[in-house]
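So the sequence shown is residues -3 to 513, counted in this note's numbering.
Hints are computed from structural coordinates only; laboratory data are not their basis.
All values derive from a computational prediction rather than experimental measurement.
Some clues are possibly wrong.
[Stated by the list, open to error] Ranges between beta-carbon positions, derived for each pair:
hint	residue 1	residue 2	range
1	R124	R57	34 to 40 Å
2	V103	S128	19 to 25 Å
3	L213	R252	33 to 39 Å
4	Q391	K198	49 to 55 Å
5	K508	F39	41 to 47 Å
The C-beta atom is built at its ideal place from N, Cα and C for all residues, glycine as well.
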Amino acid sequence: MLQILFGIILVFIIYYYTVKPMKYWKKKGVKQTTPYWLFGNSFSFICRLKSLTDFLQECYREHKNERYFGIYLFTAPILVIRDPDLIKQIAIRDCQHFADHVQMVPVNDPLWSKNLISLSGQKWHDMRPIVSSNFTNSKMKAMFVLISEAAQTFVEYVTKKHGLFEFEAESFLSRFSADVISSTAFGFKTNSLQDPNNEFYKTGKGVSSISSLRANLVMIGQILCPKLCEALDIQFFSKKDRLFFMNIINNNVKEREEQGIIRPDLVNLLLQARKGIKTKNENDTPDVNTGKSVQNEITNVDIAAHAVVFIIAGFDSNTTLAAFMSYELAVQPDIQDKLRKEIRDTFKKVGGNLTYEALNKMKYMDMVISETMRKWLNFTVTDRLCTKTYVIEPQTANETALTLEPGTRIWFPIHAIHNDPEYYEDPDKFDPERFSDENKSKINISTYFPFGIGPRICVGPKFAYLQTKILFYYLLLNMEIVVTAKTKIPPQRARNGIGFTSAEGGLHLGLKVIKNV
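With the hints as extra help, turn the sequences into a complete structure.
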């Protein structure tokens, strides 16, 4: 009798936790991609049979007549919004109902929990303007000098090579990203081509790889059982990596405070903000009527957390942009020649001394970068977490009012929208003219949002553009990017689980010196 009772209880538990959740969207009248036991819709990309991008593209096309549809990340229901107007409604007009990102990493990780991506509520509101102020035009102009130094050192290394210099773009260009990040975020210089095994590059490359097995397992654990992850103190960054970055920041801050060093980088900005907050908290009297607490002081851990975001974004996002832009320029030499002409015209106008203002006037460079981000976006989706009950009103005959409860996960399939022929004619074609002055005004804000959309948009697009423009200015001035015998045309997306966009087998290209200006 007890065995029968135990069996019934076991079956009920299995049903309740692994079968019942798969009916969530169906019960709400939402079309869903057919889920499978335990994995939901995750099996193909978690087991690396296909990329997350390709999986979501298939789902997007499957539900081409719907404004939204449901999928399951294991047993977690996710509402995927494919209608641009509804995306704008959720992300901008009614953003107060979707104020946070979904936590894909355990919140007890001190470096992750304190960065702008992870912060929520009042803490996010307090920190966003501080971090955003690092990307104003005046701050970018100051960082222009640091990035230019890194780019010139990087290109000088290549120009010393004789004949055709062959390279794997993602690995090669990640070293430039590392040198930029170490200088602009952590306050010291590296040369990751001359010293390929430097500790900063190796550690940074490791922590930025969310497609690694360890990172995927941590994120899967957070999705399935976040409370257990917290109880077991599972963290995204290893203790060794965390101590490495904390030591850099602690030593850097100590040196600056003792020697009065001022440098136009992220550390300096956050140190200035720390002084301002401390002064404000000492002088201000808390409002006893509102009960609003004073703003928390910025600690060295906060500084390290925001600097590490540069690593996660820079190693993968900026490297992916530069790598796929290199590929497109190599396979379309006419576009590369047109861009080089703009670069050389700019070189002559400034007498060989590039300025921040001159760089920002290079319209064709902007067009090429924008088209690269449309076609080869690093992030497949951006997300939101419903924080207040919200109702999506029906607009078609087959829709009913859909109530979203707090905790509901929302995905905006950026890549699928960027490659939808309804919005971009012949989307597989690389065509920078889509972003000419004449054409870019025709693009709907919610059909092109490579850095996200609404208040939770990424704060760093100016930095990404600046880094990429400086690199290609110096790279293409006297060099040509070419295909080699190893180049795969077209490249296939890597099947890397919950990971950033990369090419299966790498992007193998070549560089050769051409006639000087």
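Find the hints from earlier in the document that the structure breaks and name them by number, from lowest to highest.
-> none
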